[in-house]
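Enquirer: All residue numbers for the sequence shown refer to my numbering, where the first residue is 19 and numbers rise by one.
Treat the hints with care, as some may be off.
[As the list claims (entries may be wrong)] Straight-line Cα separation of at most 27 Å, DSS-like style, residue types lysine-lysine; simulated pairs:
1) 452 x 331
2) 452 x 393
3) 450 x 46
4) 454 x 525
5) 550 x 467
6) 542 x 525
[Stated by the list, open to error] Simulated restraints on C-beta separations:
7) 554 x 61: 52 to 62 Å
8) 529 x 113: 39 to 49 Å
9) 70 x 43: 26 to 36 Å
10) 31 x 364: 41 to 51 Å
11) 70 x 25: 58 to 68 Å
12) 351 x 199: 31 to 41 Å
13) 19 x 552: 51 to 61 Å
14) 26 x 113: 21 to 31 Å
15) 552 x 61: 44 to 54 Å
Because the hints were derived from the structure by calculation, they are not lab data.
Cβ coordinates follow ideal geometry from the N, Cα and C atoms, glycine included.
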Amino acid sequence: AEGYHCDVVGANCSVGPDAMKKVVDRMKAVSRLPLAAQPNAGMPELRQGETVFPLNADQMAAHIEGFYGAGARILGGCCGTTPDYIRAVRQFVDNRGGEFFAASTPHQPSRVLISSKIQAVAIGGGAPFVMIGEKINPTGRKKVAEMIRAGNIESLMADAHLQVQAGARCLDVNVGVPLIDEPQMMSDVVTAIQNSVEVPLVLDSSFSEALMMGGRVYYGRPLLNSINAEDEKLEEVIPIARRTGGAMLALTTETLVPEKAEDRLVYARKILDRLLAEGFCREDVVFDVLALTVSAMREGAKESLRTIELIQKALGCATTFGLSNSSFGLPNRRYVHQAFLMMAIQRGLNSAIMNVLESQIAVRAAAAELFGPGKSAVDTYLAKWSDPITETASGQVQQSPVNESEGDDPTSKMNLTPLEVEIFWDIVNGKKDKIKEDIGLFLEGNSDKAFDVFLRVMTPGIRHLGDLFAKRKRFIPHLVAAAESMKEGVALLEPHFVRGKRGEEEKGTIVFATVKGDIHDIGKNICILMLKNFGYKVVDLGR
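Please model the complete structure; the sequences and the hints are all you need to start from.
Expert: Spelled out as structure tokens, the structure:
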């Protein structure tokens with residue numbers, strides 16, 4: 019929808035509000051467009067030979083708040099709804115007033131979203147670094163060229179699977195072999211690969227008709243590789259992007275390859291200005307900063323690193339390069355790749371077309387991102403690389419899970435309500451925004467039980483997280499996130515705590531402190547809350 023510059027995207031019919039809310043949540047996670055939600059009045063039921071929709075107007079109206087919170091700004095109903103249902107929706111909108119029409123998502127840095135029929139991948143805009151597999155390309159690969167010439171698509175599909183297993187989040191597809199029908203081959207290969215793997219594809223060709231044929235059969239939003247600052251090239255590819263909804267990979271060059279970063283920025287600005295004039299936006303282009311061959315153009319290769327920073331600061335756009343270009347003509351190329359890639363990621367590189375099968379390159383890229391500008395780098399690293407790493411005889415990295423799972427669900431033995439279970443996991447998973455919502459719901463009818471939920475639900479949640487930390491199933495960032503979640507929840511609960519017995523004198527004064535600047539003061543804070551509630555005056559010196 020974003021690729022075709024739609025104004026709104028959403029869901030209609032098919033399911034009731036509960037199921038549709040999950041769909042809208044997933045849309046919000048990947049789209050910046052205003053969202054629409056028009057659910058049925060529940061799932062139809064057969065009662066005494068008649069089809070009945072189970073939710074009445076008031077029950078439907080109770081779900082509107084959830085859709086609004088998920089970013090939906092066009093609200094309505096489909097099967098089973100009547101004018102009474104829509105009046106209830108309208109009442110909600112009227113009560114919100116002008117606030118209802120405010121932006122549904124906050125402003126975020128530019129990012130380019132590409133997708134398959136199943137997965138969406140964001141490049142730039144604070145998203146994790148994206149590895150784009152380069153292996154389906156005959157350039158410098160005699161075996162791949164032979165596969166393409168022979169129409170051996172199954173072998174290309176096997177290469178696709180290997181790259182995805184190694185961590186590629188997108189795949190570059192280039193079938194440019196002389197004396198073949200490249201547009202038809204691109205169509206055939208794209209069709210086969212997209213039905214074989216789930217990741218998005220980068221359609222790579224200097225032949226515009228091949229890009230068009232690949233884009234026509236592609237199910238999602240492709241990245242079209244490539245355009246440059248030549249007017250002729252722009253005029254060829256822009257109509258293809260408009261027709262297929264594809265994003266564009268733009269080389270920061272024209273007829274000659276510029277060595278200086280400032281010259282590459284000039285070409286990037288020319289391309290962006292043309293795209294903006296044509297009705298596109300920054301979210302439609304990824305700039306290739308040009309990884310020049312370090313053995314022949316050493317200073318030019320260094321300028322590639324500066325180009326990353328210049329484009330992101332001056333234009334606010336996503337960046338990429340072809341990593342293998344940097345090491346051409348050198349022995350032991352993978353070491354050159356790893357060194358250059360780590361430097362580029364630390365400068366803010368958002369993606370790279372690269373050999374994801376090289377030993378250790380995926381984990382090194384994730385580690386390098388920890389020292390770059392990306393805000394989610396720690397979470398990304400923990401999610402992928404928490405288990406011990408070993409290297410196989412062939413040089414490939416593999417992980418040995420400490421344990422397959424985190425054990426039994428502790429809430430199953432705690433006699434908690436569904437909302438209390440949510441609060442428990444809000445603490446364990448460090449969901450500081452969600453816990454505010456859940457605590458708010460809890461207090462609506464249970465303000466007299468504020469200390470009870472703190473003692474019986476939230477504190478065991480922290481204890482459970484500590485057990486997971488001891489077993490190396492969770493790590494320091496998880497503890498920090500949980501502490502923030504606990505802090506947000508307690509801030510809402512504390513005004514409702516009962517301070518000892520009414521009329522009872524304070525039992526004494528206790529002074530609490532911790533190491534200056536210590537962020538791991540969650541135990542201290544729990545002790546303070548409990549002491550206050552049991553009648554002690556506490557002086558907290560902070561951290």
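Enquirer: With reference to the structure, classify each hint as holding or not holding.
Expert: Taking the hints in turn, this is what the structure says about them:
Taken as a hint, the residue 452 and residue 331 pair is broken in the structure, with Cα atoms around 33 Å apart against an allowance of 27 Å. For the given pair, residue 452 sits about 20 Å from residue 393 by alpha-carbon distance, which is consistent with the 27 Å threshold. This hinted pair checks out: residue 450 and residue 46 have alpha carbons roughly 19 Å apart, not beyond 27 Å. Between the alpha carbons of residue 454 and residue 525 the distance comes to roughly 32 Å, so the proposed pair goes past 27 Å and is violated.
In summary, the hint linking residue 550 to residue 467 is supported, as the alpha carbons are separated by about 16 Å, within the 27 Å threshold. Note on residue 542 and residue 525: the hinted pairing holds, with a Cα-Cα distance of about 19 Å set against a maximum of 27 Å. Taking 52 to 62 Å as the suggested C-beta distance range, the pair residue 554 and residue 61 conforms, at roughly 54 Å. A hinted range of 39 to 49 Å for the beta carbons of residue 529 and residue 113 is consistent with their spacing of about 48 Å.
Taken as a hint, the range 26 to 36 Å holds for the pair residue 70 and residue 43, whose Cβ atoms sit roughly 28 Å apart. Roughly 48 Å separates the CB atoms of residue 31 and residue 364, a value that falls within the hinted 41 to 51 Å. Residue 70 and residue 25 have their C-beta atoms about 35 Å apart, which leaves the hinted 58 to 68 Å range violated. The beta-carbon spacing between residue 351 and residue 199, approximately 33 Å, falls within the hinted interval of 31 to 41 Å.
Look at residue 19 against residue 552: about 56 Å separates their beta carbons, and that is inside 51 to 61 Å. Checked against the given bound of 21 to 31 Å, the beta carbons of residue 26 and residue 113, roughly 22 Å apart, stay inside it. The given range of 44 to 54 Å is respected by residue 552 and residue 61, whose C-beta atoms sit roughly 50 Å from each other.
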